[in-house]
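Using the sequences and the hints given, assemble the complete structure.
Chains as they are written, first to last, in our numbering: chain P, 1 to 425; chain U, 1 to 232.
In case anyone wonders, no lab produced these hints; they're calculated from the structure.
Treat the hints loosely; a few may be bogus.
As a list, the in silico DSSO-like pairs of lysine-lysine whose alpha-carbon atoms are at most 27 Å apart [as the list claims (entries may be wrong)]:
no. : chain 1 : residue 1 : chain 2 : residue 2
1   : P       : Lys-329   : P       : Lys-339
2   : P       : Lys-34    : P       : Lys-76
3   : U       : Lys-165   : U       : Lys-226
4   : U       : Lys-29    : U       : Lys-76
5   : U       : Lys-23    : P       : Lys-394
6   : U       : Lys-29    : P       : Lys-395
7   : P       : Lys-55    : P       : Lys-76
8   : P       : Lys-394   : U       : Lys-29
9   : U       : Lys-205   : U       : Lys-190
Here are the computed distance ranges between Cβ atoms for each label pair [as the list claims (entries may be wrong)]:
no. : chain 1 : residue 1 : chain 2 : residue 2 : range
10  : U       : Lys-14    : P       : Ser-312   : 19 to 25 Å
11  : P       : Ser-312   : U       : Lys-76    : 45 to 51 Å
12  : U       : Pro-66    : P       : Ala-374   : 51 to 57 Å
13  : P       : Tyr-95    : U       : Gln-37    : 41 to 47 Å
14  : P       : Gly-84    : U       : Gly-138   : 37 to 43 Å
15  : U       : Ala-44    : P       : Thr-282   : 28 to 34 Å
Which stretches of chain U does chain P cover? Using the computed rule of at least three CB atoms under 8 Å from a CB of chain P, they are [as the list claims (entries may be wrong)]:
no. : segment
16  : 56 to 70
17  : 202 to 213
Nothing here was measured: the structure is a model prediction, and the numbers come from that model.
Glycine included, each C-beta is placed from N, C-alpha and C at the ideal position.
The lines below spell out each chain.
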Amino acid sequence: MSTRRQVLKQSLAPMIVPSLVLGQRSGQTAPSDKVVMGGIGIGSRGAHDLSKILKFSDARFLAICDVRNERRETIKSTVDQAYGNRDCKMYSDQYELLARPDIDAVLIATGDRWHTPLSIIAAQHGKDVYCEKPCSMSIEESWALGRAFQRYNRLYQAGCQRRNGANFKLCRELLQSGALGTLTALYANVGPSVNWPPLPSRDWLEGQELPPAGVLDWDRWLGPAPWRPYHPTYVQGGWRNYYDFHGGGILEWGSHTVDLCHWAAGLDDTQPVEYEPVGGNTGPYSVECRYANGVRLVMRDNAWDGALDTGSCSFRIEGDKGWVETGDKTRIAASESIKPLLRPTEPAPVALENHMREFITCVRTRQTPSANAAAAANSHVTCHAAFIAFQRGKKLTWSVENREFTNDDIANRMRSRALREPWRI
Amino acid sequence: MAQQPTNPAPARPKPPVPPEHMKEGAIAKLAGPALVQLLNDPTASEFQKAKACQRAGELGAVEAIPALARLLGDEKLGSYARYGLEPLFSPAVDETLRGALGKLKGNLLIGVIGSISKRRDALALAPLTKLMQDPNTGIAEAAVAAVGSIGSAESARLLQSALPKATGRMQMQLADAALVCAEQLLAAGKRDQALELYAFLSGPKIPRAARLGAMSAIVREETSTKRPRPAI
Chain P
1 MSTRRQVLKQ SLAPMIVPSL VLGQRSGQTA PSDKVVMGGI GIGSRGAHDL
51 SKILKFSDAR FLAICDVRNE RRETIKSTVD QAYGNRDCKM YSDQYELLAR
101 PDIDAVLIAT GDRWHTPLSI IAAQHGKDVY CEKPCSMSIE ESWALGRAFQ
151 RYNRLYQAGC QRRNGANFKL CRELLQSGAL GTLTALYANV GPSVNWPPLP
201 SRDWLEGQEL PPAGVLDWDR WLGPAPWRPY HPTYVQGGWR NYYDFHGGGI
251 LEWGSHTVDL CHWAAGLDDT QPVEYEPVGG NTGPYSVECR YANGVRLVMR
301 DNAWDGALDT GSCSFRIEGD KGWVETGDKT RIAASESIKP LLRPTEPAPV
351 ALENHMREFI TCVRTRQTPS ANAAAAANSH VTCHAAFIAF QRGKKLTWSV
401 ENREFTNDDI ANRMRSRALR EPWRI
Chain U
1 MAQQPTNPAP ARPKPPVPPE HMKEGAIAKL AGPALVQLLN DPTASEFQKA
51 KACQRAGELG AVEAIPALAR LLGDEKLGSY ARYGLEPLFS PAVDETLRGA
101 LGKLKGNLLI GVIGSISKRR DALALAPLTK LMQDPNTGIA EAAVAAVGSI
151 GSAESARLLQ SALPKATGRM QMQLADAALV CAEQLLAAGK RDQALELYAF
201 LSGPKIPRAA RLGAMSAIVR EETSTKRPRP AI
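Here is the structure:
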């Protein structure tokens with residue numbers, strides 16, 4: 001009769017298999033430890049995100065969903081080429097992709113109109129989400145996004161990669177260490193109105209003949225946005241600057257730089273209480289905001305890659321002892337007192353890789369990513385409120401507690417947009 | 001060596017310009033009565049009516065409610081009509097949306113259920129309960145979500161009684177709606193009812209994503225510094 005120890009020894013012996021036999025080379029991540037990802041709506045920006053995912057040995061991208069046949073084929077080809085196989089599956093229905101139990105997380109890089117509904121649907125299916133910005137189309141969607149990711153206990157990372165950019169981090173550190181003194185003002189630079197003005201067009205383009213359904217599913221492309229006749233310009237990226245699809249320059253760029261201001265100043269859980277639009281739709285323009293603690297937030301289009309040569313998507317922090325300003329050129333401009341504290345930082349493209357790296361690591365460790373849904377909700381509510389103030393052409397006051405404007409009923413009615421059936425949040 | 005001339009980058013084509021008849025123009029400034037006139041005008045284009053709906057909603061033109069209601073059954077303009085109706089602070093909107101439940105079909109009905117869900121009209125619970133049994137799964141799922149969004153004790157009871165009999169995607173929708181319902185109960189200060197619902201949703205037969213969500217909510221609530229505590 002065998003002893004328990006002998007039985008265990010006999011049964012374990014054949015189970016010990018060298019990792020090389022399993023196709024796992026020294027230092028590589030076991031297949032079971034990889035974060036399995038799919039992507040929905042991967043255009044040019046999404047392809048940039050995807051290129052980072054494909055670099056990580058602990059991530060595997062296995063599925064693409066797109067309403068455009070050409071994009072499905074392109075992404076599949078990219079992924080298959082990177083992995084040297086033909087495993088990337090293509091879908092035109094997001095529910096089929098999300099129903100796959102092997103997929104842990106999804107990259108969402110559709111047009112803005114889809115960002116919140118798709119993110120919530122993904123969370124309902126138990127997926128973690130990396131979603132490009134702007135993350136929402138309205139104040140209501142922003143709150144719904146934050147609630148949903150808390151509800152399903154899923155992880156969300158907004159594509160605000162500058163939170164993982166060394167030059168931006170250094171500016172934040174200078175504020176948080178007290179080197180800048182007491183915070184007085186934040187400046188979120190927004191792109192010049194010649195690109196996307198603060199007030200997008202509410203017009204339509206003349207309808208054109210729809211392409212065959214196999215080439216483009218126009219109904220699904222529109223998704224939750226209100227119906228309008230098809231025009232190829234929208235599908236080719238020209239949807240921006242149309243109100244039904246876009247929040248204008250304030251949301252487009254504010255989702256980048258207001259987000260930075262909130263993160264740097266530890267304001268990820270709140271919004272300003274005042275919003276005053278200055279200037280016109282052709283620029284220069286700004287929205288002057290104030291938080292309850294008196295700190296100013298200025299969204300302005302006259303400092304985009306301007307005299308300080310800090311590059312696009314720049315932001316500025318002012319304290320009573322000094323100031324810093326930085327952007328995508330990674331150069332940090334600073335007041336004289338702060339200059340001795342500066343140090344060289346990484347090139348800008350590293351930020352995106354760091355940001356995606358953070359997401360993948362968080363999916364594995366279940367830690368909360370830096371650009372999480374609650375933070376995204378607050379920064380986007382701020383941008384939407386500023387956008388509404390600009391549309392209303394008047395100073396608006398906002399109750400953070402009641403989540404409503406206190407001096408304008410029309411502004412309150414603009415907090416949400418009806419979603420086209422059958423979509424909901 | 002002479003510098004080689006460089007080929008200039010090809011000029012990007014100018015974006016197309018909206019035609020005159022598809023420019024919002026003066027519609028953005030119309031007052032309530034003029035919007036009603038435009039919405040009722042049989043010669044007005046889809047574009048004009050779409051813009052009038054959006055303007056009515058933002059302006060708060062309650063006089064446009066009947067005209068907006070007539071567009072709820074329009075395949076292209078139905079969502080614009082709801083855009084106009086949803087933000088209006090008037091019980092007449094809720095009556096209108098409830099009235100539309102018995103008239104519309106398919107996606108248009110789903111859209112109206114969505115608007116009722118957003119407005120959290122508790123008087124719609126009875127018709128929504130019937131629609132939870134609709135053979136069109138999209139309609140049934142929308143009704144379930146609306147019941148959860150209304151977030152009353154009766155909503156919780158309805159969802160709890162439906163969950164054990166459901167399977168597949170409907171089971172997932174019911175569990176989702178119940179999570180939303182629990183959030184609404186919490187927000188309304190009905191903590192005990194909310195925790196009871198979360199405990200129900202923590203059961204082994206509940207779909208995994210919702211079950212984990214419920215468990216997480218219980219932990220969050222029970223460890224919150226704001227939780228009610230007995231006096232010492």
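Hints and how they fare:
1. Among the hinted pairs, Lys-329 of chain P with Lys-339 of chain P is consistent with the structure: their alpha-carbon atoms are about 17 Å apart, no more than 27 Å.
2. Distance restraint check for Lys-34 of chain P and Lys-76 of chain P: the Cα-Cα separation of roughly 19 Å lies within the 27 Å cut-off, and the hinted pair is therefore satisfied.
3. The straight-line distance between the Cα atoms of Lys-165 of chain U and Lys-226 of chain U is roughly 36 Å, outside the 27 Å bound, and the hint therefore fails.
4. Distance restraint check for Lys-29 of chain U and Lys-76 of chain U: the Cα-Cα separation of roughly 23 Å lies within the 27 Å cut-off, and the hinted pair is therefore satisfied.
5. Between Lys-23 of chain U and Lys-394 of chain P the CA atoms are separated by roughly 24 Å; this keeps the pair inside 27 Å, and the hint holds.
6. Note on Lys-29 of chain U and Lys-395 of chain P: the hinted pairing holds, with a Cα-Cα distance of about 20 Å set against a maximum of 27 Å.
7. Straight-line distance between C-alpha atoms of Lys-55 of chain P and Lys-76 of chain P comes to about 16 Å, which keeps the hinted pair within the 27 Å bound.
8. At most 27 Å may separate the alpha-carbon atoms for a hinted pair to count; Lys-394 of chain P and Lys-29 of chain U meet this at roughly 16 Å.
9. Only pairs whose Cα atoms come within 27 Å are accepted, and Lys-205 of chain U paired with Lys-190 of chain U is accepted, the gap being roughly 25 Å.
10. Checked against the hint of 19 to 25 Å, the C-beta distance between Lys-14 of chain U and Ser-312 of chain P comes to roughly 23 Å, which is consistent with it.
11. Distance hint for Ser-312 of chain P and Lys-76 of chain U: a CB-CB separation of about 39 Å, inconsistent with the stated range 45 to 51 Å.
12. Hint check: Pro-66 of chain U to Ala-374 of chain P, Cβ distance near 41 Å, so the stated range 51 to 57 Å is violated.
13. For the hinted restraint 41 to 47 Å between Tyr-95 of chain P and Gln-37 of chain U, the CB-CB distance of approximately 43 Å keeps it satisfied.
14. For the hinted restraint 37 to 43 Å between Gly-84 of chain P and Gly-138 of chain U, the CB-CB distance of approximately 41 Å keeps it satisfied.
15. Evaluation of the 28 to 34 Å hint for Ala-44 of chain U and Thr-282 of chain P yields a pass: the beta carbon distance comes to about 31 Å.
16. Residue count for the segment 56 to 70 of chain U with a Cβ under 8 Å from a Cβ of chain P: 4. That meets the three needed, and the coverage hint holds.
17. Under the rule that three or more residues need a Cβ within less than 8 Å of chain P, the assignment of the segment 202 to 213 of chain U holds, with 5 such residues.
Checked against the numbered hints listed earlier, the structure breaks hints 3, 11, 12; every other hint is satisfied.
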